[in-house]
Structures are given as C-alpha cells and as structure tokens.
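Asks: In the numbering used here, the protein residues as written are 1 to 74.
Please note that a few of the clues may not be correct.
Label pairs and their calculated CB-CB ranges [claimed, not checked]:
#: 1; residue 1: Thr-49; residue 2: Gly-13; range: 33 to 39 Å
#: 2; residue 1: Met-12; residue 2: Thr-49; range: 32 to 38 Å
#: 3; residue 1: Ala-23; residue 2: Arg-71; range: 17 to 23 Å
#: 4; residue 1: Ala-23; residue 2: Gly-74; range: 23 to 29 Å
#: 5; residue 1: Glu-14; residue 2: Asp-47; range: 18 to 24 Å
#: 6; residue 1: Tyr-46; residue 2: Glu-10; range: 27 to 33 Å
#: 7; residue 1: Met-12; residue 2: Asp-40; range: 26 to 32 Å
#: 8; residue 1: Gly-13; residue 2: Ala-36; range: 20 to 26 Å
#: 9; residue 1: Ser-27; residue 2: Ile-72; range: 17 to 23 Å
#: 10; residue 1: Val-7; residue 2: Val-48; range: 22 to 28 Å
#: 11; residue 1: Arg-11; residue 2: Asp-51; range: 31 to 37 Å
#: 12; residue 1: Ala-30; residue 2: Leu-58; range: 18 to 24 Å
#: 13; residue 1: Tyr-46; residue 2: Glu-14; range: 23 to 29 Å
#: 14; residue 1: Arg-55; residue 2: Thr-5; range: 27 to 33 Å
Please keep in mind that the hints were generated in silico from the structure rather than gathered at the bench.
No experiment lies behind these values; they were computed from the predicted model shown.
Here a beta-carbon is modelled for each residue, glycine too, at the ideal position from N, C-alpha and C.
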Amino acid sequence: MGDDTVVMSERMGEYFGLNSSSARLWSYLANPSTAAELRDRMLAEYDVTADRCERSVLRILGEMIEKKLVRIVG
1 MGDDTVVMSE RMGEYFGLNS SSARLWSYLA NPSTAAELRD RMLAEYDVTA DRCERSVLRI
61 LGEMIEKKLV RIVG
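Whenever a hint applies, use it, and build me the whole structure from the sequences.
Replies: So, in structure tokens, the structure goes:
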C-alpha cells in the first residue's frame, strides 16, 4: 500500500485506509486535541492556506467520526 496507513474500527469491524495526510492527522489524535490545534499542527507541516487546511481537517475528522474511528469528548 505504499505510504498508506490502515486502521480498524472495532465498533464497525472494518479496516480503513488512510493516505499520508490523514495518517499524520491520525497520529496527532493520540492526545486529545481541538480541531484548531490539529489544523495548526498540520499547517506547520504542509504548504497550504489556513482555510484549506481547516476544511481538510474538518472533512477528515468528519469521516473518522462517521466511521467510528474517533469520537468527540468533553
């Protein structure tokens, strides 16, 4: 799979492939973070505008929530 990362949703019993940027975001989720904190960390690594980065982070998080890979706490 090259640079892809595979994660499993135990709740859904399915595997999901993550591309390199989604995998990077996934790695940041080891510690509780806000969407803004995640955006800022991604901005430090990728050459994109803040607006585009925020949209991407929110989209990826939404997909992860939908697939029950992560959940909102707090």
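Asks: For Val-7 and Val-48, compare the CB-CB distance with the range 22 to 28 Å and indicate the outcome.
Replies: 23 Å, holds
Asks: Lying within 23 to 29 Å: is that true of the beta-carbon distance Ala-23 to Gly-74?
Replies: 24 Å Cβ-Cβ, so the 23 to 29 Å window holds.
Asks: With 33 to 39 Å as the target window, see if Thr-49 and Gly-13 comply at their CB atoms.
Replies: 38 Å, holds
Asks: Range hint 31 to 37 Å: satisfied by the CB atoms of Arg-11 and Asp-51?
Replies: 32 Å, holds
Asks: Look at the Cβ atoms of Tyr-46 and Glu-10 and judge whether their distance stays inside 27 to 33 Å.
Replies: 30 Å, holds
Asks: Could one say that the CB atoms of Ala-30 and Leu-58 fall in the range 18 to 24 Å?
Replies: Taking Cβ atoms as reference, Ala-30 and Leu-58 lie about 19 Å apart, which means the hint holds.
Asks: Given the range 20 to 26 Å, decide if the beta-carbon distance of Gly-13 to Ala-36 lies inside it.
Replies: With Cβ atoms ~32 Å apart, the hint is violated.
Asks: Look at the Cβ atoms of Glu-14 and Asp-47 and judge whether their distance stays inside 18 to 24 Å.
Replies: 33 Å, violated
Asks: Confirm or reject the claim that Met-12 and Thr-49 have a C-beta distance inside 32 to 38 Å.
Replies: Hint holds: Cβ distance 33 Å, inside 32 to 38 Å.
Asks: Does the Cβ-Cβ separation between Arg-55 and Thr-5 fall within 27 to 33 Å?
Replies: Because 21 Å falls outside the window, the suggested range is violated.
Asks: The hint says 17 to 23 Å between Ser-27 and Ile-72; measuring C-beta to C-beta, is that right?
Replies: 19 Å, holds
Asks: Take the C-beta atom of Tyr-46 and the C-beta atom of Glu-14, compute their distance, and say whether it sits inside 23 to 29 Å.
Replies: For Glu-14 against Tyr-46, whose Cβ atoms are near 28 Å apart, the range 23 to 29 Å holds.
Of the numbered hints listed earlier, those contradicted by the structure are 5, 8 and 14.
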